[in-house]
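S.K.: The chain contents come next:
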Amino acid sequence: MSADMAYFLLFVLLLSVALGFELISKVPSTLHTPLMSGSNAISGITIIGALLAAGAADSDRLRLVLGLGALILATLNVVGGYLVTDRMLRMFRKRGDDRKDASGKEGP
Amino acid sequence: MSRPADFIYILCALCFILGLKLLSSPVTARRGNLLSALGMLVAVVVTLFDRSILDLRWIAVGLGVGAVAGAVLARWVAMTSMPQMVAVLNGFGGLASVLVAWDSSLRFESLGGWSAGGVVVSILVGGITFTGSMVAWAKLNETLSGRPLLFPGQTVLNAILLVAALGAGVWFVLEPGQARVVSMVALASVLGILAVIPIGGADMPVVISLLNSYSGLAACATGFVLGHPVLVVTGSLVGASGLILTRLMCKAMNRSLGNVLFSGFGAVSGRSAGVEGSPHPISIDDTYVLLEAARSVVVVPGYGLAVAQAQHALHELGQLLEANGADVRFAIHPVAGRMPGHMNVLLAEASVPYESLIEMDAVNPTMPMVDVCLVIGANDVVNPAAGEDRSSPIYGMPIIHAEAARTVVILKRSMGTGFAGVANPLFVRDNARMLFGDARASIQALVAAFKK
Numbered sequence: 051m052s053a054d055m056a057y058f059l060l061f062v063l064l065l066s067v068a069l070g071f072e073l074i075s076k077v078p079s080t081l082h083t084p085l086m087s088g089s090n091a092i093s094g095i096t097i098i099g100a101l102l103a104a105g106a107a108d109s110d111r112l113r114l115v116l117g118l119g120a121l122i123l124a125t126l127n128v129v130g131g132y133l134v135t136d137r138m139l140r141m142f143r144k145r146g147d148d149r150k151d152a153s154g155k156e157g158p
Numbered sequence: 064m065s066r067p068a069d070f071i072y073i074l075c076a077l078c079f080i081l082g083l084k085l086l087s088s089p090v091t092a093r094r095g096n097l098l099s100a101l102g103m104l105v106a107v108v109v110t111l112f113d114r115s116i117l118d119l120r121w122i123a124v125g126l127g128v129g130a131v132a133g134a135v136l137a138r139w140v141a142m143t144s145m146p147q148m149v150a151v152l153n154g155f156g157g158l159a160s161v162l163v164a165w166d167s168s169l170r171f172e173s174l175g176g177w178s179a180g181g182v183v184v185s186i187l188v189g190g191i192t193f194t195g196s197m198v199a200w201a202k203l204n205e206t207l208s209g210r211p212l213l214f215p216g217q218t219v220l221n222a223i224l225l226v227a228a229l230g231a232g233v234w235f236v237l238e239p240g241q242a243r244v245v246s247m248v249a250l251a252s253v254l255g256i257l258a259v260i261p262i263g264g265a266d267m268p269v270v271i272s273l274l275n276s277y278s279g280l281a282a283c284a285t286g287f288v289l290g291h292p293v294l295v296v297t298g299s300l301v302g303a304s305g306l307i308l309t310r311l312m313c314k315a316m317n318r319s320l321g322n323v324l325f326s327g328f329g330a331v332s333g334r335s336a337g338v339e340g341s342p343h344p345i346s347i348d349d350t351y352v353l354l355e356a357a358r359s360v361v362v363v364p365g366y367g368l369a370v371a372q373a374q375h376a377l378h379e380l381g382q383l384l385e386a387n388g389a390d391v392r393f394a395i396h397p398v399a400g401r402m403p404g405h406m407n408v409l410l411a412e413a414s415v416p417y418e419s420l421i422e423m424d425a426v427n428p429t430m431p432m433v434d435v436c437l438v439i440g441a442n443d444v445v446n447p448a449a450g451e452d453r454s455s456p457i458y459g460m461p462i463i464h465a466e467a468a469r470t471v472v473i474l475k476r477s478m479g480t481g482f483a484g485v486a487n488p489l490f491v492r493d494n495a496r497m498l499f500g501d502a503r504a505s506i507q508a509l510v511a512a513f514k515k
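Residue numbers (the numbering used here), protein chains in the order written: chain A, 51 to 158; chain B, 64 to 515.
Each hint should be verified, as a subset may be incorrect.
[Stated by the list, open to error] To be clear about the criterion: a stretch of chain A counts as covered by chain B if any three or more of its residues have a C-beta under 8 angstroms from a C-beta of chain B, and this derived list gives those stretches:
hint	stretch
1	54-63
2	71-85
3	94-104
4	111-119
5	126-137
[Stated by the list, open to error] In silico DSS-like pairs for lysine-lysine, Cα to Cα no more than 30 angstroms straight-line:
hint	chain 1	residue 1	chain 2	residue 2
6	B	Lys314	B	Lys84
7	B	Lys514	A	Lys76
8	B	Lys84	A	Lys144
9	B	Lys514	A	Lys144
10	A	Lys76	A	Lys144
11	A	Lys76	B	Lys84
Don't read these hints as lab results, they were simulated from the structure.
A quick note: this is a predicted structure, and the numbers were derived from the prediction, not measured.
Virtual Cβ for every residue (Gly too), placed ideally from N, Cα, C.
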């Protein structure tokens with residue numbers, strides 16, 4: 051990587067951290083668990099690197115193991131993270147909001 | 064950096080950013096998560112067209128196995144086990160970063176200083192995230208004891224390992240080689256374990272948040288290895304998110320991050336001032352009479368609610384109380400439960416509308432007007448010693464002032480101390496009543512009494 055690229059990435063890093071602080075501080079505490087599982091899914095963005103590693107055909111055995119392992123873990127992180135976040139967010143409801151979800155069946 | 068794919072990656076980054084923005088309200092949050100997932104899907108598809116990808120067979124295997132395992136986990140995990148789930152996902156994200164960085168160290172003949180630095184950070188932070196998260200999982204799951212594990216020379220050992228890991232990192236930047244990579248992986252793995260074992264179960268909200276931040280940091284470093292801005296953007300967003308939550312959790316316990324990470328809280332200074340006096344037990348029938356007459360009820364849930372799986376019964380009781388004309392609110396302490404927002408999710412699962420949930424700072428001024436405060440499975444977050452007893456280990460921690468209510472009813476198994484091992488003088492106050500027994504059974508009995 052060239053020094054230019056590195057400076058560019060550092061610049062991106064700085065702006066993203068600033069933006070991250072701004073965005074996340076507006077998330078209400080009631081959503082902090084979905085925030086964690088959701089941001090967890092986003093951090094599975096390593097899946098891009100994992101795809102590039104697993105897809106290189108010239109791999110020797112070690113590289114194949116590393117690439118495939120990374121891809122399985124990153125995919126699990128992404129898919130599991132998004133799905134479980136969605137499952138949680140579906141449960142948050144307003145007063146008087148009686149959608150017929152799995153957990154909404156009971157009642158007096 | 065001028066291929067069409069790069070522009071699509073920018074759109075993906077935009078999806079992640081907007082997704083987080085939509086998370087600012089429960090009304091739009093689900094849409095935000097879907098938007099973010101869409102961004103991720105597009106990023107994966109675009110990457111599949113990268114010209115360095117020549118063989119799709121192993122990719123199909125990896126995506127298939129990971130997706131099925133992830134979907135199964137996400138579908139079947141219980142809401143009470145959400146902290147464990149997040150710990151596991153954190154750990155896997157960290158390990159994925161380690162493996163990608165390791166692979167890059169094999170792929171590129173000459174890495175260059177910046178990429179090599181990225182490999183070092185990815186491996187060290189990712190490795191610590193992985194093993195640290197696994198230990199956190201084991202503690203949360205009670206596979207390991209939640210008590211802090213301390214041994215003499217712990218800090219010195221950790222410091223030596225950290226210096227060695229950093230040394231291997233510097234060496235790798237100067238002279239890349241597999242021996243350095245393997246030593247970094249090994250040192251980071253051991254460090255991750257040693258860093259989390261001295262931390263007690265009650266401090267897990269801080270640890271989980273911090274590991275969340277680390278997993279983002281590792282992804283960010285991988286972005287430097289691959290020269291990929293979208294990894295840097297998303298990694299830093301997650302890093303910032305984890306840091307904010309870590310700071311919130313520390314503030315809610317009035318402790319510094321250093322104190323949480325290194326003190327082994329509760330293992331040494333546990334029992335300070337004893338509590339004098341004896342508790343006043345109360346029966347189900349008397350509790351019913353109290354609640355039946357109450358116009359204003361505040362429920363303070365804690366981790367014990369999750370353990371007893373009492374959230375559904377609690378919601379039913381809340382509805383009956385409201386039907387009886389009482390104002391019912393649920394007061395949530397920031398560190399109630401084992402991760403940020405844990406109680407909110409449990410109550411959401413039990414269909415409690417989120418408007419009924421109220422934060423500590425909002426509920427405290429209204430507490431003197433509350434007729435009955437029900438404390439369920441919470442202990443340290445309602446311990447008045449935090450405000451009164453200077454010798455108490457939790458002195459200075461902001462608490463929900465349950466003791467200010469006209470009557471406090473505490474649902475508890477026995478008179479044991481809380482997770483931090485701190486005695487709670489609330490239990491012997493004149494206005495406090497102890498309803499002993501399993502929280503779910505007690506609440507169900509109260510529900511039955513109301514239905515009679």
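S.K.: Hint by hint, say whether it matches the structure.
M.R.: Hint check:
no. : hint                : verdict
1   : 54-63               : holds (count 6)
2   : 71-85               : holds (count 14)
3   : 94-104              : holds (count 11)
4   : 111-119             : holds (count 7)
5   : 126-137             : holds (count 12)
6   : B:Lys314 x B:Lys84  : 24 angstroms, holds
7   : B:Lys514 x A:Lys76  : 42 angstroms, violated
8   : B:Lys84 x A:Lys144  : 20 angstroms, holds
9   : B:Lys514 x A:Lys144 : 25 angstroms, holds
10  : A:Lys76 x A:Lys144  : 19 angstroms, holds
11  : A:Lys76 x B:Lys84   : 8 angstroms, holds
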